[in-house]
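J.: The chain contents come next:
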Amino acid sequence: MTPSLLHTVSLAGPTLDPVDDVRRMLALHFMVNAFRAGAVAAVLGAVIGWFMVLRRQSFVGHTLAVVSFPGAAAAIWLGVSATAGYFAGSIAAALVIALVPRTPAGRAGSQESAVIGTVQAFALASGALFVSLYGGFLDSVTGLLFGSFLGVSDDQVVALVAVAGVVLVVMAALARPLFFATVDRDVATARGVPERALSVVFLLVLGCTAAEVSQITGALLVFALLVMPAAAAQQLTARPVLGLCLSVGLGLAVVWSALGVAFYSTWPVGFFVSTFGFAVYLAAAGVRLAVGRGVRPTRRGATAPIPGVATA
Amino acid sequence: MADDPTSQEPTGRSEPAVRFENATARLGGRDIWSHVDLAIESGTFVAVLGPNGSGKSTLIKAVLGVLPLASGRVEVLGRPPGEAGGDIGYLPQRRSFDPSIRVRGVDVVRLGADGDKWGIPLPWGAARRARDARVDEVIDLVGAGAYAGRPIGEVSGGEQQRLLIAQALVRNPRLLLLDEPLDSLDLPNQGAVAALIADISREFGITVLIVAHDVNPIASALDGVVYVARGRAVSGSPEEVITSETLSDLYGTPIEVLTTSDGRRVVVGQPDASSHHAGPHGPHSAHDHGPRGLG
Chain R
1 MTPSLLHTVS LAGPTLDPVD DVRRMLALHF MVNAFRAGAV AAVLGAVIGW FMVLRRQSFV
61 GHTLAVVSFP GAAAAIWLGV SATAGYFAGS IAAALVIALV PRTPAGRAGS QESAVIGTVQ
121 AFALASGALF VSLYGGFLDS VTGLLFGSFL GVSDDQVVAL VAVAGVVLVV MAALARPLFF
181 ATVDRDVATA RGVPERALSV VFLLVLGCTA AEVSQITGAL LVFALLVMPA AAAQQLTARP
241 VLGLCLSVGL GLAVVWSALG VAFYSTWPVG FFVSTFGFAV YLAAAGVRLA VGRGVRPTRR
301 GATAPIPGVA TA
Chain A
1 MADDPTSQEP TGRSEPAVRF ENATARLGGR DIWSHVDLAI ESGTFVAVLG PNGSGKSTLI
61 KAVLGVLPLA SGRVEVLGRP PGEAGGDIGY LPQRRSFDPS IRVRGVDVVR LGADGDKWGI
121 PLPWGAARRA RDARVDEVID LVGAGAYAGR PIGEVSGGEQ QRLLIAQALV RNPRLLLLDE
181 PLDSLDLPNQ GAVAALIADI SREFGITVLI VAHDVNPIAS ALDGVVYVAR GRAVSGSPEE
241 VITSETLSDL YGTPIEVLTT SDGRRVVVGQ PDASSHHAGP HGPHSAHDHG PRGLG
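Which chain is which? The protein sequence lines are R and A, in order.
Note that the working numbering gives residue 179 to position 179 of the first sequence, counting from 1, and the numbers run on in steps of one.
Note that the working numbering gives residue 192 to position 192 of the second sequence, counting from 1, and the numbers run on in steps of one.
Be aware that one or more of the hints could be misleading.
To be verified - Listed below are the simulated EDC-like cross-link pairs for lysine to aspartate or glutamate, each with C-alpha atoms no more than 20 Å apart in a straight line:
#1 117(A) / 186(R)
#2 117(A) / 87(A)
#3 117(A) / 195(R)
#4 117(A) / 132(A)
#5 117(A) / 83(A)
To be verified - Far from chain R, some chain A residues (derived; all Cβ distances over 12 Å):
#6 26
#7 115
#8 133
#9 140
#10 204
#11 223
#12 238
#13 243
#14 256
#15 258
#16 267
#17 268
Think of the hints as simulated: they come from the structure by calculation, not from any bench.
From a predicted model like this one, the values you see are computed outputs, not experimental measurements.
Beta carbons are placed, not taken as given, at the ideal position from N, Cα and C, and that holds for glycine.
Construct the complete structure from the given sequences, taking the supplied hints into account.
T.: Following this line, the structure appears as structure tokens:
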């Protein structure tokens with residue numbers, strides 16, 4: 001799909017009839033594919049992102065997404081499908097990070113974040129190299145980094161659905177022990193939960209998700225679908241199942257509304273996805289603040305603070 | 001648990017809940033303790049005492065089967081360690097929940113019930129109802145009903161500890177392993193939580209192995225003491241161990257044991273009874289006075 005088509009369509013502009021606007025949009029096959037791909041990325045990002053936020057692994061998630069950029073750039077340079085490049089980059093990085101030995105007590109020791117930062121910087125630099133080797137159209141770099149919804153082919157949608165299906169099935173099997181190991185690692189380990197293996201599998205799952213989401217939002221804006229809906233949902237509720245459902249709902253709402261608006265705008269889709277996600281998060285934080293003020297009970301004497309902090 | 005004949009032997013003749021035979025634990029090439037022989041009778045309330053770094057938590061981990069012995073053997077509820085599974089309730093050394101973590105106390109208790117199972121549980125059905133009923137029951141038992149629905153990072157240290165005890169109890173364990181459950185609680189909470197653990201042990205005949213920094217809050221409930229020091233571990237009755245001579249020798253510093261007018265023993269001059277040292281005992285120490293003191 002060429003940019004010129006988008007501009008032709010956009011110049012037509014939205015009418016005052018939203019139903020007609022949506023109908024005109026969905027008459028275009030590339031837009032239908034964009035909505036499909038966006039929905040798959042939103043659902044996957046919301047579910048995996050919920051666990052990522054809970055596990056405090058946002059930095060890892062960001063790196064895995066950034067690494068999809070050199071993957072995709074290398075794929076384009078080599079004349080292979082960019083989709084394959086996204087996944088190859090992220091999964092390879094997930095394996096590298098999984099190999100980093102962890103400090104015994106924490107799941108994200110300083111060594112791990114230093115390694116992750118190093119991987120991230122190197123990955124971005126490699127991406128720049130591949131783009132320049134290819135001959136570098138500025139448009140394609142912008143698309144890889146900040147997102148594009150043009151030209152999602154039927155094959156790509158099928159690939160996205162297949163990967164998302166596998167990831168979600170794996171997550172359904174792992175969800176409970178992973179939640180246990182995340183919240184309460186020592187007890188989970190004592191109960192025989194293979195915590196180390198679970199965190200490696202989760203990194204791979206996160207890599208697949210980051211690669212998938214990158215294809216809609218671009219490598220730098222993955223957090224719009226990976227963090228924002230999940231973080232907003234966790235602001236709104238501490239219930240795990242409700243939180244996951246909310247996260248999915250918010251993610252879908254964000255990506256579909258962003259695609260709809262971007263269709264009638266000349267501004268990039270990544271901007272709208274991120275801005276709507278940000279708005280949702282702010283609203284959720286506001287709701288929590290308002291509710292927390294009104295509801296939080298006063299503490300009883302029996303639950304005085306721990307010594308050393310209390311008696312100042 | 002009530003169906004199991006071994007759990008309710010009324011006399012000391014039953015098989016011990018935990019038995020160490022010539023056991024040696026090694027960490028990083030260093031023997032933590034070696035040639036340990038001990039037996040913990042079923043249904044007793046036993047404290048594990050000893051200086052910092054002497055291997056008290058290692059002893060608990062050996063019972064759990066998380067840390068394999070270098071030599072010798074441990075038998076837990078008549079089985080090798082690690083095979084007693086749901087019959088053991090475990091409360092690790094101070095876990096500081098991140099104050100911002102968005103997980104409710106009741107979820108943490110539920111994870112104790114079935115968090116190690118794979119797959120998504122069906123939201124209906126008898127098993128789910130039985131689990132939920134049991135979770136409610138243990139939460140009531142520890143008196144955590146009022147705050148179990150709040151995020152666990154937002155409740156106080158004493159409230160967290162009650163929820164964690166509920167989590168350890170949810171599968172009807174026959175053996176409770178509690179690693180410094182009173183650490184970093186204030187005095188009233190230390191007393192209340194100690195009394196709760198003692199009551200549970202008596203009422204349900206659960207063997208309790210409790211690692212303690214400060215023996216005073218639990219002294220009156222103890223049936224036995226295991227003391228770990230200088231590479232050895234020995235058990236004895238509280239009368240034998242909680243004496244000025246034994247404790248002074250154990251900690252290598254003068255300690256005095258006084259007897260109150262109602263016959264309780266009080267340990268005076270115990271090192272580390274009220275302070276925590278950072279240093280070789282890992283990153284947890286840094287969190288001991290952390291932002292948990294919300295309330």
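J.: Hint by hint, say whether it matches the structure.
T.: Hint check:
For the hint pairing residue 117(A) with residue 186(R), the CA-to-CA distance comes to about 16 Å; that is within 20 Å, so the pair holds. The hinted pair formed by residue 117(A) and residue 87(A) meets the criterion: a straight-line CA distance of about 16 Å does not exceed 20 Å. Note on residue 117(A) and residue 195(R): the hinted pairing holds, with a Cα-Cα distance of about 13 Å set against a maximum of 20 Å. Annotation: proposed proximity of residue 117(A) to residue 132(A) holds, straight-line Cα distance about 15 Å (limit 20 Å).
Proximity of residue 117(A) to residue 83(A) is assessed by CA-CA distance (about 16 Å); at most 20 Å being required, the pair is judged to hold. Even its closest Cβ contact with chain R, about 16 Å, leaves residue 26(A) beyond 12 Å, as expected for a residue assigned away from the interface. For residue 115(A), the condition that its CB be more than 12 Å from all CB atoms of chain R is violated, with the nearest at approximately 3 Å. The Cβ of residue 133(A) sits about 19 Å from the closest Cβ of chain R, beyond the 12 Å cut-off, so the non-interface label holds.
Every beta carbon of chain R lies more than 12 Å from that of residue 140(A), the smallest distance being close to 17 Å; the non-interface claim holds. Interface exclusion of residue 204(A) from chain R stands, the closest Cβ pair being 20 Å apart, more than 12 Å. The claim that residue 223(A) is not at the interface with chain R holds, since no C-beta of that chain comes within 12 Å of its own (minimum 24 Å). At roughly 26 Å from the closest C-beta of chain R, the C-beta of residue 238(A) stays outside 12 Å, upholding its exclusion from the interface.
Distance check for residue 243(A) against chain R: the nearest CB is about 28 Å away, which clears 12 Å, and the non-interface claim stands. Non-interface call for residue 256(A) relative to chain R: holds, since the shortest CB-CB distance, roughly 23 Å, exceeds 12 Å. Under the 12 Å C-beta cut-off, the non-interface status given to residue 258(A) relative to chain R holds; the minimum distance is some 23 Å. At roughly 18 Å from the closest C-beta of chain R, the C-beta of residue 267(A) stays outside 12 Å, upholding its exclusion from the interface.
At the 12 Å boundary, the C-beta of residue 268(A) stays outside the reach of chain R, the nearest C-beta of that chain being 18 Å off.
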